Amino acid sequence: MTFTEIALFGIGLAMDAFAVAICKGLCMRKMDYYQGFVIALFFGVFQAFMPFVGYWLGKSFESYITSIDHWVAFGLLVYIGAKMIKEAFEEEEISCDIEAPKLKLKELFVLSVATSIDALAVGIAFSFRPDVNIYENIAIIGIVTFVIAYLGVIIGNKFGTRYKQKAEIAGGGILILLGVKMLLEGIGVL
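Going by my numbering, the letters in the sequence shown line up with residues 5 to 194, in that order.
Because the hints were derived from the structure by calculation, they are not lab data. Heads up, some of the hints might be wrong.
Unchecked claim - For lysine-lysine, the following DSSO-like pairs were computed, each having C-alpha atoms within a straight-line distance of at most 27 Å:
1. Lys108 - Lys34
2. Lys87 - Lys185
3. Lys162 - Lys34
4. Lys170 - Lys87
As the list claims (entries may be wrong) - Have a look at the derived ranges for each label pair, beta carbon to beta carbon:
5. Glu189 - Lys108: 41 to 47 Å
6. Thr6 - Ile69: 22 to 28 Å
7. Arg166 - Gly79: 31 to 37 Å
8. Ala143 - Trp75: 24 to 30 Å
Quantities reported herein were computed from a predicted structural model and do not represent experimental measurements. All C-beta atoms, glycine included, are put in the ideal place defined by N, C-alpha and C.
Taking the hints into account, I'd like the entire structure generated from these sequences.
Below you can see the structure in the form of structure tokens.
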């Protein structure tokens, strides 16, 4: 996989974290860069860890599905991408605890896991590709997510949720296109 492909995976996967980070930034009366760093760090670490877990899960049953692995990867990525696009159009209530703007680590943990479940499935898809260096992939995905989530906190604090829906649609579209590419490579078209 090329750096560009891995970075696109990172961007696509980071859009859920970006949307949540926008909401976290929106809830800050004044931008707190340390809190933004901690929020981005949580999202980046989890977004890197989940593909690692998915990769090793996929490797454990790889021999059973080698002949259809490109279809499995395609199905997972299209499903995740379509789900992200669908969720972009759903109404979501943003609740802010104005009295207690401190970070709640338990809440951040839950949000980090929730926004990185898709990355677990992408890790499974990675396990079917012989050209994947999982350590390089998770490093790039984690860094990309960290940067995007940090920017999300800042954007949320400055502009509100103006870019949330567009980011989720773009992220879903990127994952769908990468899934199509993996399928076309698997069936020999590319």
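Could you work out which earlier hints the structure fails to respect and list their numbers in ascending sequence?
none
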